[in-house]
Structures are given as structure tokens and as C-alpha cells.
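Turn these sequences into a full structure, and let the hints guide you.
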Amino acid sequence: MESFDYIIVGAGAAGLQLVLAMQEDSFFATRQILIIEKSQKNVNDKTWCFWEKGPGKWDQVIAKSWSKSVFVSADHHTPLDLGDYKYKMLRSIDFYRMAKDKINDVANIRWITDEVKAINQGSPTEVITANANYQAKHVFDSQIDGDFYASQEKYINVLQHFKGWLVETKDAVFDPECFTMMDFRIKYPESTSFTYVLPVNSRQALVEFTFFSPQTIPDDEYDYYLKKYMVKILGAAEYEILEIEKGLIPMSNYPFHKSNSTCMTKIGTAGSWVKASSGYSFKNAEKYSAKIIDNIKHGRIPNEALFSHRHKKYDSLFLDVLYNNNHLGERLFSDMYTKNDISQILAFLDEDTTLIEELKIITTFPWNPFLKALKNHLLP
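Remember, our numbering sits 3 above the position in the sequence shown when you count from 1.
Take these hints with a grain of salt, some might be off.
[Said to hold, decoys possible] DEER-style ranges, computed between Cβ atoms:
hint	residue 1	residue 2	range
1	N107	C181	34 to 40 Å
2	Q347	W370	15 to 21 Å
3	E5	G238	58 to 64 Å
4	D48	E243	18 to 24 Å
No lab work stands behind these hints: they were computed from the structure. Remember, it's a predicted structure, so these values are computed and weren't measured experimentally. We put the CB at the ideal spot given by N, CA and C, even for glycine.
Here it is, written out as C-alpha cells:
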């Protein structure tokens, strides 16, 4: 059985950011690292977006960035100047290629295409795949535990589900310098649903119809609302669909991170790396990978003190309100984007704010549903 210092299960955003962080740090130059991924990672299967101040470490593969946005509801059309922030879009295929190029010729890092069947924790921890067995001092696992699906009723589970079209229109209908954060003018009845638009140029954009809701909908219903948005809002009667993207992201207060141990760390969605109240995860993967690297270099357990428990509480309250009052989503987000500075909102979502700054944002939301949510969390 082959032995490694670290095995990373899954080459998504989390697994690849972690292995790249190791590859860039000389501390890991003598450590043997194995990545196990069941797919070839040779197609563009998703689009990641995130915000940050100034230049970032992924700028060489960024497809597009914006410094302006807009929030639209039935009552508001709010321009958003991101200030020091840039909102950046990254196509997954570009990220996969860049990561492969960086690690292909690194002697101590190996990538195999295989499916993990089981992980037996111990000293060392054993990873069983369809074709071989491996062992490591520590395993980083991106697979969601079966217990998450078995315990749905115990926790709050909102789904971010969406379908997107990369479209090219006959006429110039997009402002390439401004993306649409949320547009609630067309929505599914009694739900938190909106359209999200990422313009690449004046005739091409990724247009997504998105839900934050407890249930999904049939595939053709996404198409109905996308078509309606293209014609009614954008005025684009003639367009070509170049690519189609679908996704489903759990927004949950399930304690994924409790599966962590001294010999295994859950990463990505499986490790609570998705911001539960927003569904954003790419930048979190960078942050948590850096914390893991620092923990290892200082002799700590890799998963020690990764999270802000205060912000986990905020996320749980917000999810409770969305789950039990899904029709209020438009009002909640309208209050957030129209009553607060966008830079402060982005810092808050990054968990980079003080308690006083957080309270200023929280108090702009309607009190009643949040008091009910707080009661749900305080009472057994």
C-alpha cells in the first residue's frame, strides 16, 4: 500500500486551492501529496464568482471583473459602486487547467483519476478506491457525509439552485461594466427567486435564474423564467444559447465541520466552507486553505479554529427566516442593499467586520421574522 503525508479527495475549488497552497509553500516540498479525483476535470462545469480588494492570486485566469453592480426589486433600482472591491468571474475550466499546469511537473504531488469508496480513519488513515488502497497521515475529504442527507429534518436546509444560459444576443443589450447582483422583477410565486446577470461584453452574458428556497423546480420552469427575462426585461427577442449551466448548493446550518478529526479534515461544501447565508465558497476556500497551511506549519491539527462561530449564528438565523418566510426574500435583500453601503455588506459576508458594524447591518432587516428565528434557536 502506497503511503503519503497528505491525501486530498476531490479536485474541485477546495481541493485544488489547498494543493496549490501546499505547492507554493517550501514547507511542503518534501511532503508526499496525493490528489484523488474521479472526473477528468476537462470541461467547464461551473462558474465561480467572488469579490476582493485589489489584485488577487487568481487574476491570471479571471474571465471578467466589475467594479459596478445593480440591485433591482419591484420598488428599487439601486446602483452599487463596489469602491475598493472588484467582483470577479472565473470559469472552472480555466482554473482546472491552471492548477494542472502548476502541479503536473511537481515531483512530490501526484494526481490520479479514481473513485474513493471508503475512508478508514486511523494512524495512518486508509483511503479505499475502486482500483487501489492508499494511506496518509492526514486526509482532506470533499465528500459530503451521508449523515447530512439522513438528518435533513434536524437542521435548516435552504437550497441555492439555478439554471444559467451563456447567451449571445443579436443586439447590444448588456452594459459590460456593470453586473446585476439580483433582479427580482421576474420571480417564481411566493419564493426568493431572482435573475443574476454577468455581462462579458455588450452582446454576451451569463444569465441565471436563481432560487434560495427549500425545494427545487422542474427543469423547464427555469427555462420559462429565463426566456421571460430575456424578452421582457432585456428586450432581446433574438439570441443564441452558447452554454448551459445548472447548479445546486446546500445552504445549511448542518455542522459539516463536526466530521473533522485529528486525522481527517472535511473541505469544501462537506466542510462548511460554503457561506451558508449566501452560497459563496470560492474565496472561502482560499481563506481556509491558508489557515490549514498555517496550522500544519505550527504543529497544530489542520482543522483547528477555522471558523467564526459568531458568523455561523448569523447564518443560521438568516437561513431560518428564509426557510420559514421564503416569500420575504425580496424584502430582506432590498433592505440589505438599499440601507447599507455595498462595501460594508461585502466585508460582512467575508466575516471581516466588527460586532458594531454587524449590528448596524442586522438592524436594517425587519425585526419580526428574525425575533421568531431567534426564539426558534433559543428554545429546545
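Okay, D48 versus E243 on CB: inside 18 to 24 Å? Between D48 and E243, where Cβ atoms are some 21 Å apart, the hint holds.
Cβ distance range 58 to 64 Å for E5 and G238, holds or violated: 59 Å Cβ-Cβ, so the 58 to 64 Å window holds.
Evaluate the given range 15 to 21 Å for the C-beta pair formed by Q347 and W370. Given a distance of about 20 Å, which is inside 15 to 21 Å, the answer is holds.
Note whether the CB distance of N107 and C181 lies within 34 to 40 Å or breaks it. holds (38 Å)
Violation of the numbered hints given earlier is absent; every hint is satisfied by the structure.
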